[in-house]
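Produce the entire structure from the sequences given, and follow the hints as far as they go.
Okay, here's what each chain looks like letter by letter:
Protein chains: 2
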Amino acid sequence: MLRYHLGWEDAEGRPAESTGKRLRPALCLLACEAAGGQAERAIPFASAVELVHNFSLVHDDVQDGDRLRHGRDTVWSVWGKSQAINAGDALLALAHIALAETPHESTAAASRLLNELTLEMVEGQVMDIAFEEQTDVSLDAYLAMISRKTGALFDAALALGAVAAGAPAEMVAALGRCGRQLGLAFQVRDDMLGIWGDVDRTGKPVAADIHRRKKSLPIVFALERAEGDDLERLQGMYGAGEPSAGDVAFVVGLLDSLGAQAYSQEEADRHRTAALSELTDADLDERAAAEIREVADFLLERDF
Amino acid sequence: MLRYHLGWEDAEGRPAESTGKRLRPALCLLACEAAGGQAERAIPFASAVELVHNFSLVHDDVQDGDRLRHGRDTVWSVWGKSQAINAGDALLALAHIALAETPHESTAAASRLLNELTLEMVEGQVMDIAFEEQTDVSLDAYLAMISRKTGALFDAALALGAVAAGAPAEMVAALGRCGRQLGLAFQVRDDMLGIWGDVDRTGKPVAADIHRRKKSLPIVFALERAEGDDLERLQGMYGAGEPSAGDVAFVVGLLDSLGAQAYSQEEADRHRTAALSELTDADLDERAAAEIREVADFLLERDF
Chain A
2 MLRYHLGWED AEGRPAESTG KRLRPALCLL ACEAAGGQAE RAIPFASAVE
52 LVHNFSLVHD DVQDGDRLRH GRDTVWSVWG KSQAINAGDA LLALAHIALA
102 ETPHESTAAA SRLLNELTLE MVEGQVMDIA FEEQTDVSLD AYLAMISRKT
152 GALFDAALAL GAVAAGAPAE MVAALGRCGR QLGLAFQVRD DMLGIWGDVD
202 RTGKPVAADI HRRKKSLPIV FALERAEGDD LERLQGMYGA GEPSAGDVAF
252 VVGLLDSLGA QAYSQEEADR HRTAALSELT DADLDERAAA EIREVADFLL
302 ERDF
Chain B
2 MLRYHLGWED AEGRPAESTG KRLRPALCLL ACEAAGGQAE RAIPFASAVE
52 LVHNFSLVHD DVQDGDRLRH GRDTVWSVWG KSQAINAGDA LLALAHIALA
102 ETPHESTAAA SRLLNELTLE MVEGQVMDIA FEEQTDVSLD AYLAMISRKT
152 GALFDAALAL GAVAAGAPAE MVAALGRCGR QLGLAFQVRD DMLGIWGDVD
202 RTGKPVAADI HRRKKSLPIV FALERAEGDD LERLQGMYGA GEPSAGDVAF
252 VVGLLDSLGA QAYSQEEADR HRTAALSELT DADLDERAAA EIREVADFLL
302 ERDF
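As they're listed, the protein sequences go chains A and B. Throughout, our numbering is defined as the position within the first sequence, counted from one, plus 1. Throughout, our numbering is defined as the position within the second sequence, counted from one, plus 1.
Simulated restraints, written as ranges between beta carbons of each label pair:
| id | chain 1 | residue 1 | chain 2 | residue 2 | range |
| --- | --- | --- | --- | --- | --- |
| 1 | B | G66 | A | D230 | 37 to 45 Å |
| 2 | B | R4 | A | A142 | 21 to 29 Å |
| 3 | A | G237 | B | R68 | 27 to 35 Å |
| 4 | B | D270 | A | H105 | 44 to 52 Å |
| 5 | A | H105 | B | R23 | 34 to 42 Å |
| 6 | A | R68 | B | H71 | 30 to 38 Å |
| 7 | B | R23 | A | T274 | 46 to 54 Å |
| 8 | B | E10 | A | E243 | 30 to 38 Å |
| 9 | B | S245 | A | D230 | 54 to 62 Å |
| 10 | A | R4 | B | E287 | 43 to 51 Å |
| 11 | A | E41 | B | R68 | 45 to 53 Å |
| 12 | A | G66 | B | E171 | 47 to 55 Å |
| 13 | A | G237 | B | V79 | 25 to 33 Å |
| 14 | B | R68 | A | G66 | 17 to 25 Å |
Because the hints were derived from the structure by calculation, they are not lab data. Computed from a predicted model, the values in this text were never measured in an experiment. Quick reminder that beta carbons are idealized off the backbone N, C-alpha and C, glycines included.
Structure (structure tokens):
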């Protein structure tokens with residue numbers, strides 16, 4: 002199940018091509034270099050972060066009932082939900098085995114940090130699922146949720162890179178904050194692609210997140226800004242079952258008239274700017290910092 | 002959710018009485034003393050083991066669809082399966098935060114051991130769920146499964162106690178093996194109570210595990226020993242849906258005629274004897290070792 006999920010094998014155990022963007026481990030290695038360390042030292046921590054991320058994906062697919070990820074059947078849709086819960090649990094245990102594989106003086110600090118940020122990520126997941134039952138989710142509450150659900154592990158990725166480099170606490174914290182903001186920018190972009198993404202690039206249906214009645218940022222924005230009949234219809238839709246084709250077209254039009262796409266793009270830019278200012282303030286290796294800036298650009302421009 | 006599950010609060014957040022036997026942490030502290038350490042030193046490790054145990058219970062209830070545990074609603078039956086998955090995940094992250102709360106020189110070794118045995122426990126859970134689909138589970142395969150599913154965490158409890166005491170590797174391994182055998186004895190006794198337990202003491206219905214078509218030790222034994230029509234009916238029942246009252250009575254009678262209860266008791270005794278011989282061979286504090294023997298007696302005599 003784990004090799005399948007990680008994209009190394011197909012469901013019959015035959016070799017397959019790896020999928021996934023491997024963003025978090027890449028950022029972990031870059032943060033290590035930015036903090037003046039050799040990237041190699043951060044490999045156990047980068048592996049651990051990627052395994053924690055994959056643990057969360059496997060459980061998330063069970064929770065959301067999603068049958069496809071990157072165009073492949075999810076673990077639960079092949080092996081059932083009970084075994085998929087086990088697969089996620091195993092990935093979390095393996096993350097910590099990977100982290101401690103070549104123990105050195107910073108392993109204990111890395112382990113503590115990763116556990117605390119994993120706990121925060123799970124809190125974000127708890128909030129996200131609780132929001133499904135609420136029609137009055139505020140933008141602030143939404144941003145607090147994605148800061149945990151997505152931001153915490155990007156925070157971990159960069160902070161652990163700095164820890165691997167033996168960086169001072171201040172630099173670890175600054176790179177962690179940079180990661181947190183990159184995670185927020187990444188999630189906002191993800192929310193945009195879930196509504197306005199190109200079917201051929203994302204592998205998801207048009208307006209996928211509207212069909213799933215997912216309260217992503219553009220929808221939370223619309224729930225705060227819409228008025229009168231529009232608000233009533235929107236609230237009704239997000240409190241009820243499967244939306245009709247007319248419902249989806251209505252939401253797409255409403256988001257357009259409220260300027261939800263421009264608002265979301267500004268929000269993503271705001272978080273990228275905050276991330277980059279953390280890099281400027283810290284005393285970092287310039288070449289590695291420039292590569293982190295390139296990743297930040299990719300996060301906001303990507304269409305998949 | 003976590004306070005509720007641990008028995009500290011009711012579902013509305015009002016204080017409640019703790020439930021659970023707290024066997025694993027008790028054994029962890031005793032093992033620390035048996036290895037010549039102060040029990041206090043093992044408290045973070047004992048807490049971690051108990052939290053890992055509770056993580057597994059919360060996920061297990063989701064997987065089995067069990068609505069009750071110790072006469073209380075399970076986490077998923079109060080908050081839903083998605084949130085219960087999160088609750089379990091959080092308990093696993095918290096276990097490792099607890100383990101490292103007062104870091105000392107043995108924390109890294111303890112963390113590695115706990116992660117490896119947690120992974121083994123999850124493998125046991127994978128096997129257990131896979132067995133549900135099989136009618137040809139052998140006694141050997143069953144014992145290999147419970148050695149992982151239940152034995153691994155008892156192994157961790159005693160081994161971590163020894164690690165906390167700074168015991169030599171040999172003593173850590175011997176206490177771990179003692180724990181593993183105690184876990185096997187505990188699980189076999191649990192399997193017996195699931196069929197022949199006293200309703201008033203266990204809080205479970207008569208022959209609960211037969212109604213649930215759980216392939217516990219007495220059933221695996223019967224599947225190996227039964228012949229002809231009996232075997233056919235038994236296999237048919239364990240491959241099909243809800244058993245009838247007649248089916249349950251048939252299984253109870255068949256187990257009786259095959260001597261499944263005596264076989265199970267011998268199996269439990271065998272594991273207890275193996276556990277106690279590990280205590281004799283190692284050079285332990287006599288008072289603490291005697292208390293571990295008392296726990297072993299309790300494990301086999303308990304009727305709840």
